[in-house]
Each structure stands twice: as C-alpha cells, then as structure tokens.
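**Q** Chain by chain, the residues run as shown.
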Amino acid sequence: MKRFLPLAILILGALYLASPLFRKPKSDFNLDGFGRIPVVANGRTKPLDSVARNTLLLLQGRQRIVTPENVSLTPTQWLLDVFFRPELADTYQHFEIVHPGVLDVFGLGIEDGAGKKRFSYRQLIAKLEELDRQASLAESVESPARTSYQRAVVNLRNHVILYQQLKHSLVMPDGSDFLNDLLRLQDNLAAGVEAVRNKESGKDANAELAGFTMNMGSKFLRMEQIGILLAIPPAAGATDATWQKAGQSLLATFQNGSVNVNALTFAGLQHTWKNQQPEQFNTLLAKQRTESERALTAVLKKTDAETLFNKAEPFYTSMSLYVLAFLLAVFSWLKWPAPLQRAAYYLVLLAWVATTVGILMRMWLEGRPPVTNLYSSALFVGWGSVGLCLTLEKIFKNGIGSVAAGLTGFCTLLIAHHLSLSGDTLEMMRAVLDSNFWLATHVVVITIGYSATFLAGFLAIIYVFRGVFTRSLDKATADSLSRMVYGIICFATLFSLIGTILGGIWADQSWGRFWGWDPKENGALIIVIWNAIILHARWGGLARTRGIMALAIFGNIVTSWSWFGTNMLGVGLHSYGFMDQAFVALVIFVATQLILIGLAYLPPEKWRSAPTLK
Amino acid sequence: MRDTWNSFVKFFISLRVTVVLLALSIILIFAATLDQVNLGIWAVQEKYFRTFFVLWDVKGFPLPVFPGGYFIGGLLLINLVASHVYRFKLTWKKSGILLTHAGLIILLVGELLTGLWQEEFQLRLDQGQTRNYSESYRFNELAVVDATDPNWDQVVAIPEERLQQRDEIQHERLPFRIVTRAYYPNAAVQMREELGNASAPPPATRDIGARLAIIPIPLTYKQNERNLPAAVIELLGPSNVSLGTWVVSTMLVQPQTFDYAGRTWRLAMRFERAYKPYSLTLLKFSHDRYVGTEIPKNFASKVRLHSQDGSTDREVLIYMNNPLRFDGLTFYQAGFDNNDTTTVLQVVRNPSWILPYIACAMMGIGLLIQFGIHLFAFINKRRA
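Same order as they appear, the protein sequences are chains A and B. Residue 85 in full-length UniProt numbering is what sits at position 85 of the first sequence, and the numbering runs on without skipping anything. Residue 209 in full-length UniProt numbering is what sits at position 209 of the second sequence, and the numbering runs on without skipping anything.
Read the hints as simulated data drawn from the structure, not as lab findings. Don't take each hint at face value.
Claimed, not checked - Here are the computed lysine-lysine pairs in the DSSO-like style, where the Cα-Cα straight-line distance is at most 27 Å:
id	chain 1	residue 1	chain 2	residue 2
1	A	K475	A	K335
2	B	K381	A	K397
3	B	K297	A	K302
4	A	K475	B	K381
Input sequences plus hints: build the corresponding full structure.
**A** Next comes the structure, spelled out in structure tokens:
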C-alpha cells in the first residue's frame with residue numbers, strides 16, 4: 001500500500017488538474033460558443049468569456065453568480081442576461097458593497113444583500129444620482145489622499161457605469177424587439193431616410209416611418225455613446241479598418257444602406273435568448289462562427305485558446321495541490337517519511353508544471369515575457385521559488401523543499417488571486433514599459449531575486465517553527481536547513497544584484513541615466529544590500545545559524561516592502577500598481593514576521609527541540 | 001603608536017564595520033524613499049545622498065541627525081579598499097570575491113561622479129518650433145540682454161542663487177550694477193487692479209512692476225510642479241544713481257525693455273538655459289493609444305536635428321525606450337502637453353555612464369565564480 005501511495009496520489013492529482021476541462025454546463029444553448037466570440041475591450045482582443053469573468057471579479061470579487069431564484073449561472077450565462085435580458089440581470093446581486101457609509105447612501109442594510117454584501121442594480125437604481133454626486137465630490141480629492149469612503153463610492157460608481165456600458169454593448173437594452181426593429185429599418189431604409197428628410201423640410205411625409213427611423217438613429221447613438229465593447233470586427237479584406245462598437249457600425253447603416261451583419265446577428269441572438277429558443281440561437285451562433293473563421297483566423301486561435309485557459313483555471317487548481325502537498329510533507333515529519341515525501345514531491349511537481357503551462361500560455365496570449373504587471377509578478381515569484389524548492393527537495397530529500405514549495409506556491413497564488421480582482425490581468429503595456437527585451441531580462445531576473453529572497457525567509461520560518469514548537473528539529477535537519485538558506489541567499493544575491501543593475505542599464509538606455517533613486521529602484525537596492533549583510537555576517541562570524549535565520553526572515557519584510565510597499569507610496573516611475581487595500585495585508589505580514597523573529601530569539605532552552613539540537 | 005595604528009587599521013578592515021555601514025545605508029535609503037512623498041525626488045537626493053550628513057531643521061538650526069550618502073559611501077569605499085589592501089591574496093578561490101568587490105568600487109565611484117557631473121535639462125518644443133537650447137527644470141537665471149544690435153544678442157545670465165544671496169552684481173559687460181531688493185523663491189505675480197487692494201505700494205517703479213503685486217506661495221516639491229521665483233531688483237549706475245526698480249519673475253513671459261547708456265536692454269527671469277551649437281525642430285508629435293481606450297501605446301517625436309556648422313542635418317524619431325544620443329547628451333521622450341502638440345524631451349548629460357556597465361559585468365562574473373565554487377564544493381562533498 002505504502003509503495004503505491006505516491007503514484008496513486010500523483011494520478012489523482014493529475015485527474016483533479018484536468019477535471020475542469022471536462023465540466024459542461026447543463027444547457028441546451030451553445031454557451032461555450034457564445035463565450036468564444038472575440039471582442040476588443042481595454043485595447044485587447046479577448047473572448048466574451050474573459051469579459052464575463054473579469055467583470056464579475058471586478059464587480060463582486062468572485063466568478064460565482066446565483067440568481068434570486070437560486071439558480072447558479074456560469075459567467076457566460078450571466079453576461080448573456082446582462083446583454084439580452086437586462087431586466088433579469090438588474091435583479092442579480094452582483095455589486096459588492098462593504099463600506100457602511102456607501103450602504104447609507106442607498107438606505108440599505110447588510111441584511112438586504114446576498115451574503116450580506118452583494119446588491120442588485122434594482123436595489124441601487126433609486127439613488128444612483130446621489131451616488132454620482134458623492135463620487136464627483138470624492139474625485140475632487142487626489143486619488144492617494146482619498147478616504148476609504150471616498151474610494152468606495154468612486155469604485156461603486158465606476159462599477160455601475162461599467163455595468164451600464166456592457167448592457168449597451170451589443171443591442172439596445174430597452175426591452176424592445178431589436179431584431180424586428182433592425183429588419184424593419186433594413187427593409188424601409190431608403191423610404192425612412194426620405195421620410196425624415198421630407199419631415200424636416202416641412203414637406204408631406206410618412207410621419208410614422210420618419211419617427212421610427214429617427215428613433216432607431218437615436219438608439220444607435222446611445223449605444224455608440226454608452227457601449228464599451230468593440231464587438232464588430234473589421235470586414236474581411238479591409239486592411240486599415242479597426243474594430244467598432246455595435247452602435248458605431250449601426251449608425252453607419254444610414255451611409256452604407258444596409259445593417260451590419262454582425263450587429264444583426266447580435267440582435268438575432270438577443271431575440272432567441274430572450275424567447276429561450278436554443279436551436280435558433282445555436283444555428284445563428286454557428287453561422288456567425290463560420291463567418292468569423294473566414295476573416296479572423298489568427299484572432300480566433302488566441303481567443304479560443306484563452307477560453308480554454310479560462311476554463312482550465314490552472315492557477316486555481318494548483319493552489320489546492322500546493323495545500324495538499326504542504327500537508328503531506330508536514331505529516332511526513334511525523335509518520336511514513338519516505339512515501340509521503342515522495343507523494344508531496346509529486347504533487348508539487350504537478351502543480352508547478354500546471355503553473356508553468358499557465359504562465360507560458362499567458363506569455364503566448366500576450367506576446368510578452370512572463371512578468372508585465374503585479375499580478376504576473378506574483379505568479380512568477382511563486383513559480384521561481386517553487387522551482388528552487390523542487391531542486392532543494394531533489395538534493396536533500398527531507399520534505400523541507402516540499403513544505404516550503406506548498407507554502408510559497410499557495411501564498412503567491414493567493415496574492416495573485418487578490419490582485420486579479422482589479423480587472424483584466426492581461427492588460428496592455430503602457431508605453432514606458434513597452435520593451436520586450438528589458439521586460440525579459442531586468443524584470444525576470446529581479447523577480448527571480450524576489451522569489452529566492454522570499455524562499456530563504458520561508459525556509460528560516462520552517463527552521464524556527466520546527467525548533468520552537470516541535471521536537472523534530474535534530475542536528476542533521478538543522479544543518480541542512482542552514483545550508484539551504486545559505487545557498488538560496490547566495491542565489492538571491494546574485495539575481496537581485498544583476499536584476500537591479502540591469503534595471504539601471506535599462507534606465508540608462510532609455511533615459512540616459514543609470515540610477516534615479518526612484519522608490520522601486522531603492523527597494524531593489526535594499527534587497528541586494530540586505531542579502532549582502534546576511535552573507536557578510538555569516539562570513540565574519542557575526543551571526544550563527546539562529547542569527548542567519550532571523551536575518552533571513554527579516555528578508556521577507558524587506559522583499560515585501562520592495563514588491564508592494566513602494567507601489568503604495570504612489571510616487572515614482574514604477575508606481576504602476578497602486579493599491580490601497582493591500583496596505584493592511586502588508587502591515588499584518590510585517591507584524592507576523594517580526595513575531596517570528598522574536599520567537600527565533602527565545603532562549604534556546606525554551607525551544608522544544610532543544611534536546612535534539614545538542 | 002604602532003598599536004594604535006594597528007587597531008585603527010583593524011577597525012577599518014573589519015567585517016563588522018561593513019555590516020554596520022550596509023545596515024546604515026539601508027536605513028538611509030528607506031528614509032529617503034519615504035521622504036520622497038513630501039520632498040520629491042530632487043530634494044531627496046540633495047538631502048540624503050549627495051551630502052555628508054542628513055540635516056534636520058530644529059528651530060531654524062540644521063542639526064546633523066544621520067550620516068548621509070557621501071559619508072556612508074565614502075566609509076564603505078575605505079573599508080572595501082583597506083580590507084583588500086591588507087588581506088589581499090591572489091588565489092583562485094578568492095578571485096570571485098575580488099572581482100565582485102572591484103566592481104562594487106567602480107559602481108560607488110561611478111555614482112559619486114554621476115552625482116557631481118550629471119546634468120538634466122528639459123526641452124519643450126511646440127509643433128514646428130525650433131530651439132537651440134534646453135532649459136533646466138530646477139534652476140532659473142536672470143538674463144540681462146544687450147539687444148542693441150538687431151542681429152545679435154549679448155546675454156549676461158545671472159544664476160538665481162546670486163539673487164537669493166542678495167549679492168551685488170557687477171559685470172564687465174554691464175554699465176550698471178544689480179542689487180536684489182526682494183527675493184521670493186516661489187511666488188505668483190498678478191495685476192494690482194485685479195487684486196483690489198491698490199492701496200499697497202507697488203513693488204517696483206519701472207515697467208510692469210509698477211502695476212503688479214507679488215504674492216509669495218509655499219515651496220512645492222511635487223515632481224510635476226516647479227517653483228517660480230520672483231525678485232525685485234534695482235539697477236545702479238555710476239556713483240550709485242538708481243535707474244529704478246523692476247519686478248522680475250519666471251511667470252512674466254515677455255522680457256522688459258529699457259534704454260540706458262545709448263543701448264537697448266532687456267531683462268527677464270527665465271529657466272536656466274544651456275545653449276547648443278545645433279538646433280532641434282519638432283516636425284510631428286504622435287501619441288498612439290490602444291484601440292478604444294485611453295491607454296498610451298507610444299509617444300514619439302519626429303524632430304529635425306540641424307547643427308550650426310552644417311555638418312549634421314537629419315530627421316530623427318525619438319520614442320519610448322529609444323532616445324537620441326548626440327553630442328554627449330541623451331534626449332528622451334519624457335512627456336507632452338497642449339493636446340499632443342507640444343513635446344517634452346528630457347536632456348541628460350552623464351559623462352560617467354560607462355562605469356556602471358563595467359561594474360555590472362565585473363560583479364556578475366565575480367558572483368558567478370564565487371557561488372559556482374561553493375556549489376561545486378557542495379556537490380562534490382555530497383557525492384563523496
């Protein structure tokens with residue numbers, strides 16, 4: 001049994017990783033097909049599936065959505081309702097409001113919300129004007145100086161706007177039969193335009209037709225002004241044409257003499273979704289797909305892959321694997337060391353491979369090196385440190401590598417998840433950062449430096465924990481941990497130093513100056529110096545094992561400052577990831593590290609491992 | 001005596017001193033980073049790094065509270081050099097450490113030289129405009145121009161600092177002396193009639209100064225704002241005959257003109273200028289955004305570079321991560337203004353730019369050798 005345990009766990013883990021790909025929502029509608037439709041949002045071509053998921057994360061911090069009738073919707077189903085049945089979507093509780101002051105604006109209490117914090121558009125509608133006024137007041141304050149209430153109202157106002165923009169993206173969300181209207185317009189276009197002209201010049205006119213045509217025009221205009229998605233692809237063969245909003249291309253109807261076929265398809269999809277006619281819906285979708293396959297082959301390759309990637313959720317599933325690996329490896333120190341350590345190692349390897357594939361996928365989708373924003377830096381820090389852990393575990397075979405891997409892998413993915421709540425993580429690169437060469441060298445190297453410094457700190461935490469709270473830290477384990485920390489710090493010094501200097505060279509190449517004392521530059525420099533301190537303290541005999549461990553734990557504080565703290569200052573060239581909520585998390589993290597350092601300095605006889613360490 | 005010397009040397013080459021200095025440098029850098037929120041990047045560099053002591057103003061007295069960048073960096077340099085001189089042994093095992101530290105010495109020296117030599121200027125160009133000078137975005141000057149010859153200006157530029165110190169300025173090309181009567185490091189100027197308190201005496205007697213009021217405002221340290229100084233100056237002819245007083249301010253765009261000693265003079269307080277033997281013309285500024293968004297994709301300035309001696313005349317495209325290097329200067333795309341019709345180029349001179357490259361190579365290779373040796377020793381030990 002024990003011999004087969006690792007293999008069994010490996011197979012179960014692999015099945016778990018693959019399982020999301022085989023999940024299929026119970027629906028007669030071709031939901032996957034709809035989710036795969038490409039649109040341009042925030043400058044990037046992406047499938048509607050991504051739009052749905054990112055928007056839900058942004059609005060309510062999770063992708064799960066349940067209707068008031070307690071029906072669970074997939075993100076795509078939710079988006080379909082937002083587009084085509086807004087009267088239903090308005091009742092879905094997908095606006096997260098946690099600030100009591102904001103709830104007061106609407107006269108709502110927490111018990112009015114789903115999960116005590118999620119509210120529907122219907123619940124907000126009466127006080128939207130007041131929300132807008134409050135947000136405008138808040139916006140007169142510079143963004144770093146805003147209070148939590150001010151940030152919350154601005155956020156909510158932006159979320160409501162986004163929701164409205166989505167509603168106006170494909171069809172006019174006023175409950176009318178848009179398909180019939182468009183067809184009628186198509187059939188009577190010439191007569192309609194004529195009638196409007198005549199009416200305006202005071203001649204005899206078909207007043208009803210003129211009114212209808214003008215009404216359609218103003219609907220198109222509204223869609224053009226409010227809608228946000230560029231959902232109409234350029235016509236096949238048109239080289240310099242760009243993607244357009246549905247409203248934009250509908251307005252062009254009056255010049256072209258015909259309604260854009262894609263816009264018409266969306267109206268058709270609305271009609272069939274509204275009347276719940278899956279067969280017609282699927283037929284329309286299939287036709288639309290064949291059309292776009294002719295014109296958008298390259299685009300579809302990426303958006304289809306992205307849909308699959310969304311579905312596979314490799315980072316989410318890896319998170320659970322890391323937790324399991326951590327538990328198995330910790331347990332191995334109490335019982336069955338060999339098989340459990342092997343099983344943990346396999347799980348770490350599996351999760352690491354999954355995250356590797358995920359990161360490669362993101363790189364391909366974006367056409368960029370792995371680290372382009374804070375979110376991807378979190379993924380990459382985790383990837384780097386788990387990679388190092390795998391090497392350690394391969395060499396030392398004592399479970400420590402797997403425990404550290406489980407811990408760092410899980411933590412970094414958790415951080416990444418929280419960072420993903422602020423919108424699309426595959427955002428376009430701002431002009432300053434638009435250099436694949438330097439992103440691939442400076443940013444990657446320095447991020448590996450971060451991951452190594454963190455890893456040294458986490459290994460030191462394992463040392464302190466096992467020493468203080470358990471009897472499992474014997475001389476041999478202590479020695480190998482000490483060696484691991486030393487080796488990793490050497491590695492961290494090398495990478496953070498080279499990464500920092502490469503950053504300087506980028507600055508010199510682009511701006512003509514090597515060093516500008518910018519907060520992020522200073523943060524990186526502090527990491528280098530801190531690692532140098534640890535090395536010199538060890539070489540000079542100024543710190544022994546315990547001291548080195550305490551210094552390494554403090555390295556966590558230094559690195560987290562450089563990684564996140566500097567961004568919170570809101571100044572400098574690198575402040576691309578300003579965020580406020582993370583400040584509290586950072587303070588708590590620093591406090592825990594300080595406590596751990598305090599634990600490390602408990603008198604040796606207070607350590608539970610004291611007898612075994614001698 | 002010898003003992004004292006020995007213990008002195010021992011102190012300076014000890015690793016303990018190294019660690020303490022490194023720790024102090026971390027504190028210094030951390031404090032400087034935090035203070036950037038208040039002081040902005042320039043003031044921070046002066047206050048923390050390009051100084052021997054960080055001074056703290058206690059009731060008007062500057063007290064040294066912490067060693068500054070020059071102090072810590074200098075001691076580190078001594079510590080490094082001294083340790084190598086006294087413990088120097090050329091062995092393969094030590095080669096990595098030696099190389100790394102030699103690289104570090106070059107890096108520290110390079111940063112010192114950069115601090116001393118680097119100059120940063122700004123060049124603002126409107127569409128179609130030609131300029132043969134760049135402007136400092138921190139320093140200002142009082143330009144006194146002899147404009148008698150319509151083809152040729154004779155300029156005497158007086159640094160703002162001299163006005164601030166209220167030096168009496170006498171220059172061989174000027175038939176008068178300049179005395180500062182009032183100086184404001186940052187001030188707005190406004191027409192007196194707009195203010196409504198015309199009863200207060202005007203700050204100056206001549207030209208627009210007689211109709212202006214000077215309103216001092218607090219110094220700004222924000223990175224996107226600059227201080228606009230103003231001053232009241234008096235010109236004194238031979239035997240102390242006053243020619244009157246003038247208000248000069250960087251807010252006054254038009255120079256003030258007057259005639260004296262048979263010549264025409266112009267007075268202007270302006271951003272300090274660095275003239276060049278060549279000129280740049282902005283042909284076109286473009287600001288690309290990602291489709292359907294306001295996210296900037298690229299900024300680019302198409303300029304014509306034309307040298308006075310005629311040896312250079314070409315079009316250059318300056319864009320993000322692709323600056324123009326010419327005449328020892330780097331021109332890079334720093335910003336834009338006026339609805340994308342004005343480009344702002346940063347102009348940097350850094351003669352010691354090569355040192356970090358050398359240092360980087362040495363330190364990288366040094367660390368690789370050093371840790372490589374450790375790694376191989378470790379692997380061999382495990383194999384055995």
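**Q** All the hints need checking, so say for each whether the structure fits it.
**A** Structure-based check of each hint:
At most 27 Å may separate the alpha-carbon atoms for a hinted pair to count; K475(A) and K335(A) meet this at roughly 19 Å. Taken as a hint, the K381(B) and K397(A) pair is honoured in the structure, with Cα atoms around 16 Å apart against an allowance of 27 Å. Taken as a hint, the K297(B) and K302(A) pair is honoured in the structure, with Cα atoms around 21 Å apart against an allowance of 27 Å. Proposed proximity of K475(A) and K381(B) is supported: the alpha carbons are some 18 Å apart, at most 27 Å.
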